Amino acid sequence: MPDARILIVEDDAIIGRHIQVSLKRLGYDVAGVLLSGEDAVSQTMALYPDLILMDVSLAGEMDGIQAAGIIREKYNLPVVFLTAFADQSTL
1 MPDARILIVE
11 DDAIIGRHIQ
21 VSLKRLGYDV
31 AGVLLSGEDA
41 VSQTMALYPD
51 LILMDVSLAG
61 EMDGIQAAGI
71 IREKYNLPVV
81 FLTAFADQST
91 L
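With this note's numbering applied, the sequence shown covers 1 to 91.
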């Protein structure tokens with residue numbers, strides 16, 4: 001059974017919950033589901049994840065790319081980006 005703690009950062013609560021349920025069914029420990037980049041930056045240390053699943057487009061002042069950059073710099077944690085967009089500017 002997997003023992004990685006995964007933090008989900010997704011501003012759509014329904015999608016975040018779906019990802020959480022899916023990961024738990026696969027045996028992963030979900031450290032939390034956060035709705036903003038600001039929350040991700042401020043709560044990462046307290047939640048102590050092994051991996052972060054980060055939506056690229058987040059509501060608020062900080063998008064997922066900015067939040068991931070700060071988290072990687074401060075905590076050196078791996079971040080996997082999620083997005084529903086496939087346009088060239090997003091990629």
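Hints are not guaranteed to be accurate.
Simulated DEER-style distance windows between Cβ atoms [stated by the list, open to error]:
no., residue 1, residue 2, range
1, E38, V80, 26 to 36 Å
2, P2, E61, 17 to 27 Å
3, N76, D3, 11 to 21 Å
4, E61, R25, 16 to 26 Å
5, E73, R25, 26 to 36 Å
6, R17, V56, 13 to 23 Å
7, P78, I15, 12 to 22 Å
8, S22, P78, 13 to 23 Å
9, D3, E61, 30 to 40 Å
10, L26, E61, 28 to 38 Å
11, I65, Q43, 27 to 37 Å
12, A59, D3, 17 to 27 Å
13, L26, L77, 17 to 27 Å
14, E61, G27, 33 to 43 Å
Keep in mind the hints are simulated off the structure, nothing from the lab.
The structure displayed is predicted, hence computed values, not measured ones.
Heads up, the beta-carbon is just placed ideally off N, CA and C, and yes, glycines get one too.
Query raised in the report: CB of I65 to CB of Q43, is that within 27 to 37 Å?
Result: 18 Å, violated
Report task. State, for the Cβ atoms of S22 and P78, whether the hinted interval 13 to 23 Å holds or is violated. Result -> 19 Å, holds
Query raised in the report: So the hint says 17 to 27 Å: do the beta-carbon atoms of P2 and E61 match that?
Result: Roughly 33 Å apart at Cβ, these two residues miss the hinted range, so it is violated.
Report task. Could you check the hint for me, namely that L26 and E61 are 28 to 38 Å apart, CB to CB? Result -> 33 Å, holds
Query raised in the report: Is 16 to 26 Å a correct range for the gap between the Cβ atoms of E61 and R25?
Result: 34 Å, violated
Query raised in the report: Using the C-beta atoms of L26 and L77, is the stated range 17 to 27 Å upheld?
Result: Check passed, 20 Å falls within 17 to 27 Å.
Query raised in the report: Regarding N76 and D3, is the given constraint of 11 to 21 Å on their beta-carbon distance met?
Result: 19 Å, holds
**Report entry** Satisfaction of the hinted span 26 to 36 Å by the C-beta atoms belonging to E73 and R25
**Finding:** Holds, since E73 and R25 (Cβ atoms, about 33 Å apart) stay within the stated range.
Query raised in the report: Taking the beta carbons of E61 and G27, is their distance inside 33 to 43 Å?
Result: At roughly 35 Å between Cβ atoms, G27 and E61 fall inside 33 to 43 Å, so the hint holds.
Query raised in the report: Taking the beta carbons of R17 and V56, is their distance inside 13 to 23 Å?
Result: 19 Å, holds
Requested in this report: Evaluate the given range 30 to 40 Å for the C-beta pair formed by D3 and E61.
Outcome: Since the Cβ atoms of D3 and E61 sit about 34 Å apart, the hinted range of 30 to 40 Å holds.
**Report entry** Whether the CB-CB distance between P78 and I15 falls inside 12 to 22 Å
**Finding:** 21 Å, holds
Violated hints, listed in ascending order, are 1, 2, 4, 11 and 12; each of the other numbered hints is respected by the structure.
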